[in-house]
Amino acid sequence: MEATRSYSLQELAEACGGEVVGDAHTRIQGVGTLEHAVPGELTFLTNSLYRDQLLGTRASAVILGPEDRNATTLPRIVSANPYACYARVAQRLFPLPEAVPGVHSSAVIDPSAQVSPAATIGPHATVGAGAVIGSGVVVGPGCVVGERVVLENDVRLYPRVVVYPDCRIGPRSILHAGVVIGADGFGMARDAEGWIKIPQVGRVIIGADVEIGANTTVDRGAIEDTVIEEGVKLDNQIQIAHNCRVGAHTVIAGCTGISGSTRIGRNCRIGGGVGMVGHLDICDGVTVSGFSLITKSITQPGVYTSSIPSQPHRQWMETLANLRALPQWTQKLKTLEQKLEKNTKEE
Amino acid sequence: MEATRSYSLQELAEACGGEVVGDAHTRIQGVGTLEHAVPGELTFLTNSLYRDQLLGTRASAVILGPEDRNATTLPRIVSANPYACYARVAQRLFPLPEAVPGVHSSAVIDPSAQVSPAATIGPHATVGAGAVIGSGVVVGPGCVVGERVVLENDVRLYPRVVVYPDCRIGPRSILHAGVVIGADGFGMARDAEGWIKIPQVGRVIIGADVEIGANTTVDRGAIEDTVIEEGVKLDNQIQIAHNCRVGAHTVIAGCTGISGSTRIGRNCRIGGGVGMVGHLDICDGVTVSGFSLITKSITQPGVYTSSIPSQPHRQWMETLANLRALPQWTQKLKTLEQKLEKNTKEE
Amino acid sequence: MEATRSYSLQELAEACGGEVVGDAHTRIQGVGTLEHAVPGELTFLTNSLYRDQLLGTRASAVILGPEDRNATTLPRIVSANPYACYARVAQRLFPLPEAVPGVHSSAVIDPSAQVSPAATIGPHATVGAGAVIGSGVVVGPGCVVGERVVLENDVRLYPRVVVYPDCRIGPRSILHAGVVIGADGFGMARDAEGWIKIPQVGRVIIGADVEIGANTTVDRGAIEDTVIEEGVKLDNQIQIAHNCRVGAHTVIAGCTGISGSTRIGRNCRIGGGVGMVGHLDICDGVTVSGFSLITKSITQPGVYTSSIPSQPHRQWMETLANLRALPQWTQKLKTLEQKLEKNTKEE
Chain U
1 MEATRSYSLQ ELAEACGGEV VGDAHTRIQG VGTLEHAVPG ELTFLTNSLY RDQLLGTRAS
61 AVILGPEDRN ATTLPRIVSA NPYACYARVA QRLFPLPEAV PGVHSSAVID PSAQVSPAAT
121 IGPHATVGAG AVIGSGVVVG PGCVVGERVV LENDVRLYPR VVVYPDCRIG PRSILHAGVV
181 IGADGFGMAR DAEGWIKIPQ VGRVIIGADV EIGANTTVDR GAIEDTVIEE GVKLDNQIQI
241 AHNCRVGAHT VIAGCTGISG STRIGRNCRI GGGVGMVGHL DICDGVTVSG FSLITKSITQ
301 PGVYTSSIPS QPHRQWMETL ANLRALPQWT QKLKTLEQKL EKNTKEE
Chain D
1 MEATRSYSLQ ELAEACGGEV VGDAHTRIQG VGTLEHAVPG ELTFLTNSLY RDQLLGTRAS
61 AVILGPEDRN ATTLPRIVSA NPYACYARVA QRLFPLPEAV PGVHSSAVID PSAQVSPAAT
121 IGPHATVGAG AVIGSGVVVG PGCVVGERVV LENDVRLYPR VVVYPDCRIG PRSILHAGVV
181 IGADGFGMAR DAEGWIKIPQ VGRVIIGADV EIGANTTVDR GAIEDTVIEE GVKLDNQIQI
241 AHNCRVGAHT VIAGCTGISG STRIGRNCRI GGGVGMVGHL DICDGVTVSG FSLITKSITQ
301 PGVYTSSIPS QPHRQWMETL ANLRALPQWT QKLKTLEQKL EKNTKEE
Chain V
1 MEATRSYSLQ ELAEACGGEV VGDAHTRIQG VGTLEHAVPG ELTFLTNSLY RDQLLGTRAS
61 AVILGPEDRN ATTLPRIVSA NPYACYARVA QRLFPLPEAV PGVHSSAVID PSAQVSPAAT
121 IGPHATVGAG AVIGSGVVVG PGCVVGERVV LENDVRLYPR VVVYPDCRIG PRSILHAGVV
181 IGADGFGMAR DAEGWIKIPQ VGRVIIGADV EIGANTTVDR GAIEDTVIEE GVKLDNQIQI
241 AHNCRVGAHT VIAGCTGISG STRIGRNCRI GGGVGMVGHL DICDGVTVSG FSLITKSITQ
301 PGVYTSSIPS QPHRQWMETL ANLRALPQWT QKLKTLEQKL EKNTKEE
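Chains as they are written, first to last, in the numbering used here: chain U, 1 to 347; chain D, 1 to 347; chain V, 1 to 347.
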């Protein structure tokens, strides 16, 4: 993948504070994998297991850790954290396209909204009454920013994001296409006539440096707020129900659903396809394996799992039949124990 | 959370037919939880277990059940169903913002569409040929209402809802942002050349008082219609496949997927992250626990479950290894039984 | 369901190369199920088990296989593959509505985009700089086509589809409402300050004749491309992570999530609600049962499963308790074996 301009290896090393070994003037204009990089591209080695691939790479330079410092003769950047170094270097090579500040003529901005002159509002966007749009914000085409919403500086809304009224998005946060923030939580009371809607009068408050993937939904609180703290990263198609709190720097993979009023701690790592029931407290530093279900609060950091890897179908059917038959088998086992006990006594 | 105006406790009690005990003139301008309510706010107690919190609340009044009538000296509303009472009171305090009828100048309305003068069509909405939009309907910004769609009175479409052609939404139904109604069902036939698309010529018919959460999808029928009956409540990111029928007043929590041609009865409660295979009949009054899988029709009301709560990872790995080894263990158990049988005979 | 015009049975048989038995002039103006078809409609029998329903049908004609050739006296189309024949006949009866070429006045097209005069761009659509829109393409209302995107001939984007910059969609592919193609993959590196975003500089490349269901998301590659090969059919609300490759003619049902860098072969059939972890290789011809989890690469075609059907709740709780107790039971079984061994020796 080619960048719009080239940099010297020295310039790139400065992006991550790495040490250059070899020709610091090497020109780099793109990135590639060890296997497919072409001359002019930079690659990276984050795991010594792939040293063999390193030997065959056609890249012009490589980022690697101190333990692999001498594993190549290519010009290189040595960094204690080569993957983080790659992230910063790639950000230098591929900066987000500059948005030209201004409001597109087709956007509909309520006269009472405060839009920074340094913000960019795209075609067919709508900004409601009393909304506040900070400097450097980009509101993509077709976004709907509700009444009294606050988008702090440098927030980026990709196309077709909806932020319901009264929600607040912290600085530098990124929301991908199709995200819905602040829809009503799923709250209702039952009476003889059917279900009665409970007005959802809380908000969604999102901290700084949060990233939210495409088509993810975060519901507004029933009475108090739903809160996504700073540095949280949510993948695509995640559902966060009303009144949840997700702690700072926690990451959640795609297709996971968190039920209402559950609080997840800081620095957690939640896999994809996970479910959490409501009203739980998950402490800091918890890892949940993909496709697992959490039904109780967790007070100890560690890894929690209930996922079952598949087997060839016939084999799984046998496992399943045995699982279903367990109550009978444990009964038989008890009978055997008693028999043996009796036999032994009789002898 | 503060409402735009205050009400007397008496006025609010009338919203739910509750009995006022204490000062009926108490002014209420908001709602709060037992724990966080501030003076001027109303709170509620739906479970006597929280009586302790009731003692510490700073709320100005409380809704509670007859069994807790004397659990506080605060002004209060006594109701046989305090949660439903709270729902109605909160609706009084926080009515939906009034929409000003009219069509936004940026909306694109086909000349053959019939739009009630008492309907509101937001910016950048599109209404197709032959569509019928009833009185009190609100079509939010960026919605796309297809050809010949009928939105009955007081339907509310939040921003960016898409309703494909020929579908019908019943009165007072609410569709949240990103909902897609009437996309093609997943139907195709295989021949030597690959998959051949089967035209999906049915519709989606949605009854009265239905609510559908953000980014939920309901596919149109292959030949006949997909039907969501009155009073159904669907949470976010649910997928309802073609030809399904969801019975009146059934509620389904987030991230659940219902496969094609499955019929769910009335007054069911389906948890989040549930899967149902296709062509099933689920009778009225069934509850499915979150994260469970339904593979057969259900003819008896009751609770059905197959979800597995997580354990600490190492412990789960042991459970899993044992599960996989079950066929061997049951074999060993049989051998033991035979041995013991033989021993006993020999004696 | 009624079509806009009628056809003779002969004309319809030609759509699928079937043989007409009985009156070839029979007029057909719609399709119906065996059970609910009315006169003037065509129905089909794909499974001899439903022969009884065939006897009662009110349809004017029927499509069936050679083995059922004489199971009715109705005019009929006999086809070796009656379901594929039905698909082609229904396509004849219900062609997609013709789109009138041209750009709607409310659409915003960058002057550097190349839009075929035979393409249709709907209201409130946005087409970015350098995009290329082929002949016969339909871009629905509110779609956002990013910079340098290529939509090959006859692509159809339903309303509110977002295609991020640089992605490419093959000819005749259909993307349903709410689809997001090319959002950033979920890639970040950790350092002391938190998570650092890794720029996602690959693209999404979609082949010919692909169909993608409502609100499905396909992320762009981190460095190389995410690829969906020709003839793939994706249902609603699927998540395909960065760097995946889905092989030609593979079908995936709703709510399934595929983690990053996993490669799925050709002609696979992946059920709904399935999860796959990242970096796997799934060979051609694999079937995965709905609600199963794939954690390892698969090298043999066949069916793979790990889903657990639900039971009545109390019964399942007993199964679950037994599952949890397995380590103890296997221990007890070992003890018994040893005891019995000892007893036997002592005798």
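None of these hints come from the bench; they were simulated from the model.
Misleading hints may appear alongside valid ones.
Copies of one chain are not kept apart here, so a pair can be met inside one copy or by any two copies together.
As the list claims (entries may be wrong) - In silico lysine-lysine, DSSO-like type, Cα no more than 27 angstroms apart, as pairs: (1) K334 to K296; (2) K342 to K332; (3) K197 to K334; (4) K197 to K332; (5) K339 to K197; (6) K332 to K345; (7) K339 to K296; (8) K332 to K296.
None of the values given here were measured: they were computed from a predicted structure.
Go through the copies and call it for K339 and K296: within, between, both or neither, with a Cα cutoff of 27 angstroms. neither (40 angstroms within a copy, 39 angstroms between copies)
How would you classify K332 and K296 at a CA-CA limit of 27 angstroms: within, between, both, or neither? neither (32 angstroms within a copy, 29 angstroms between copies)
Homomeric proximity label, K342 with K332: Cα distance no greater than 27 angstroms: both (15 angstroms within a copy, 17 angstroms between copies)
Intra- versus inter-copy proximity for K345 and K332 (alpha-carbon distance at most 27 angstroms): This pair counts as both: shortest intra-copy Cα distance 20 angstroms, inter-copy 19 angstroms.
Is it within, between, both or neither when you check K339 against K197 at 27 angstroms Cα-Cα? neither (61 angstroms within a copy, 64 angstroms between copies)
Between the shortest in-copy and the shortest cross-copy C-alpha distance, which are at most 27 angstroms for K197 and K332: within, between, both, or neither? neither (52 angstroms within a copy, 54 angstroms between copies)
Is it within a copy, between copies, both, or neither that the alpha carbon of K197 lies no farther than 27 angstroms from that of K334? This pair counts as neither: shortest intra-copy Cα distance 52 angstroms, inter-copy 57 angstroms.
Please work out whether the CA atoms of K334 and K296 approach to 27 angstroms or closer within one copy, between two copies, in both situations, or in neither? Neither way: K334 and K296 sit 31 angstroms apart in one copy and 33 angstroms across, limit 27 angstroms.
This entry does not satisfy hints 1, 3, 4, 5, 7, 8, going by the numbered hints stated previously.
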